[in-house]
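> Residues per chain are reported as follows:
Protein chains: 2
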Amino acid sequence: MSVGIRHDDLRRRNRAMVLSAVRRAGQPSRTEIAATTGLSHSTISAISSDLIEEGILTEGKPSETASMKRGRPQVGLALNPEAAAVVTVVLSLNFLSVAVIDYAGQVIAEEQRRLDTLTMPRDELIGECTAIVRRRLEDPDLDVGSVARIAMGIQGITDSHARAMLWSPITPLTDIPFADILEREFGIPATMENDCNMMAVALQWRDPDRYHDNFIAILLSHGIGMGLVLKGELFTGTHSSGGEFGHMIHRPGGALCRCGRRGCVEAYAGNYAIWRNAKGMSENSEPVDVSDADMRALAAKAREKDGPEREAYRKAGEALGFGLGNLFALIDPAPVAMVGVSAAAFDLIEPALREAIAQTAGGQHSKSISFDTEPNELPLIREGCAMRALTFVDQEIFAPGVQARAGAGKVA
Amino acid sequence: MSVGIRHDDLRRRNRAMVLSAVRRAGQPSRTEIAATTGLSHSTISAISSDLIEEGILTEGKPSETASMKRGRPQVGLALNPEAAAVVTVVLSLNFLSVAVIDYAGQVIAEEQRRLDTLTMPRDELIGECTAIVRRRLEDPDLDVGSVARIAMGIQGITDSHARAMLWSPITPLTDIPFADILEREFGIPATMENDCNMMAVALQWRDPDRYHDNFIAILLSHGIGMGLVLKGELFTGTHSSGGEFGHMIHRPGGALCRCGRRGCVEAYAGNYAIWRNAKGMSENSEPVDVSDADMRALAAKAREKDGPEREAYRKAGEALGFGLGNLFALIDPAPVAMVGVSAAAFDLIEPALREAIAQTAGGQHSKSISFDTEPNELPLIREGCAMRALTFVDQEIFAPGVQARAGAGKVA
DNA sequence: AGGCTTTTTTTCGAGCCTCGAAAAAATAGT
DNA sequence: ACTATTTTTTCGAGGCTCGAAAAAAAGCCT
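Just so you know, the protein sequences line up as chains A and B, in that order. So for the first sequence, our numbering puts the first residue at 90; every next one is plus one. So for the second sequence, our numbering puts the first residue at 90; every next one is plus one.
Hints were generated in silico from the structure; no laboratory data involved. Incorrect hints may appear among the rest.
Identical chains share a label here; the pair holds if one copy fits it or two copies do between them.
Taking lysine to any residue and the SDA-like style, the derived pairs with C-alpha atoms no more than 20 Å apart in a straight line are [claimed, not checked]:
1) K368 x P162
2) K320 x S249
3) K320 x N303
4) K456 x G349
5) K368 x E213
6) K456 x P489
7) K456 x L204
8) K150 x D378
Since we're looking at a predicted model, the values are computed, not measured.
Whole structure, please, built from the sequences with the hints as guidance.
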């Protein structure tokens, strides 16, 4: 099964450890790193001087760490922004956005573009994606060293190897191997990530106190998506990319879902479902796209007075509550982040949600289940893509580091 | 977060690797171990000669490995049965069973006992458990070296640290810290395991081809339990011990469950639920215990002719199908083992189950989802407990081995 | 200002561990 | 008996981490 540990793995892993400690802590001193990793000071010293020499880390200016303490002042270690760069590409409904990000995580260039994803033919959609990346990479104003990785995020289902978009609500097209396309086009390793998974990754970095071992990010938008972190790791299925939380069955044989099945959580809690319930349309009517503005107006009306609008949000809350309760029955309660335009209407959703969750096995401690909301998903998705790409560089490119170079050196 | 790798960890982990390879393969040669672990022959040679010297492994007789091949014959390495022993205790409805198992996994002593778990007072139940273990350990006929660990398995909810039984259908008693009790009584480290988790562990050893990375063991008995293996590891919640699959909500506000809630999967698929549906009792009637014999008779009647009995199994299949479909929506389809008395009636359950699962997001490839049945859960639970205890000895006691002894030696 | 204390970082030798290559061992074929 | 083949052990080299001690870089105190 699992493979033994070779001697050379040791250094690689401990280098990865140090890099991860620096990325997490910002500007930790060698002593701090030794404490968090449990390695000896000598080892940390050796590794960090290697990494500095290789241009991966830099020593912070001592002034920054002025600490008024007695003794030799700690000198903080930081990621060298120039060590590498990554590119993020986020494709969402009628919107394409690209950013170039340095090794320290700062955005150094970006471009955004509106386009009609729903009607665009295949070649054009692919062409737009590669063109926007090319423009950023070839921009003469941008002095970027080597771009080490591209991470693309998309709403929809991606394959489990993070190579292709299999299906997406933003386009009728299917099975587009974006990762391969980008790799071929730019000669840079690329991945195709699911949007909700990236939201979860971003949350883990934004608020590690709240989001660490087990937590859930739920996208409340046209559809319902989920990113699930278990034991500190993103849980992605073996076949597809993410848990299909939105398509858990809430009511067997119930309302018509966009996926063609009946009774899915999404068929009660997706924007289109809330809309058709609020407008008194049949639960079997065809899902329609609703703009974010319309949804905000709907929420406002629901807040104003009791009526079908408020009832629609109540139904959404109920479906989400039973879905979450079923999920919690399996994995135990965990913090939840509600993301997306309907997260801004979470005040309308929450009461029914809590009532429903309390009726499930997972809701035993329903009081202690806590929700956080974030109406805007795009920044999260981009952040997640960036961190995904950067940690890949940390672990897979810079951690092996010297070994690879030494090997290459011997040949010369 | 994660901790760096110390130099001494290396040997420990590679020793663990070798032990695990031997336990898995039975009688692998050093060459085979080198191949499966990816370590060099020299390393395997060094580690295995250490382990042999320490009495943990033994070399098989060359005759056993006569292979008609040219060249120096491989000599198989086996676990030394006398290296240690473990004890398993399985407490189920009205039944208590204990086994002593040698390091190679062979049962070397056992005892079983009927008792009335439902009415027994706390002290008596605990007393029975400790007494039966004591009898086996103090039996003069049994020549067992050191008992290194006790694993107790029970139907019901255990805490996530595997220390205590929190709740069980077999007794009205709650919160019994069996692990601590056994440890205090015998001075041997003990754990308290959930029955379904142990079934899953056992399946992983029984049929590793089928049950490896992701799979599900479902207990179809009075209640419905689940053991879930994800990424090759038992998935247990952070609060309680196992996924409460049986208490996922199948129909909001539906049939009365033993847990007091409504619409749980168990309220349709548990023995009591099948029984009350078959007998035309209300879905809200109090759950009653049904004997295995009665259940077998019920299944026979359902097979004989169409009627309420058959319909009851159909409803059970439907509930299980939607439950599994929801589970598969989250984790992707995986092999399923149906265990317990109603697994013998799986032919009655399967059609409706497959029909239901096909209506869910997780059932997209419902044809490829495969079920295996095992009517008798007790042997599985015991095997699981045994393997759990033995692998603990492998990893935590014998893998560190020399280091610990060397350390102890220095003191003397 | 200069010596002392405190804290961080580096240096250095010791001790392990794994590895590859070569040797040794053990057997079947000729 | 000799050779070919395969497994296992031996041995020296190279790396890695560790602890202890030294060095570095401050603040504190007289």
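> Failing hints, ascending?
Violated hints (numbers, rising): 1, 5, 6, 7, 8; every other hint is consistent with the structure.
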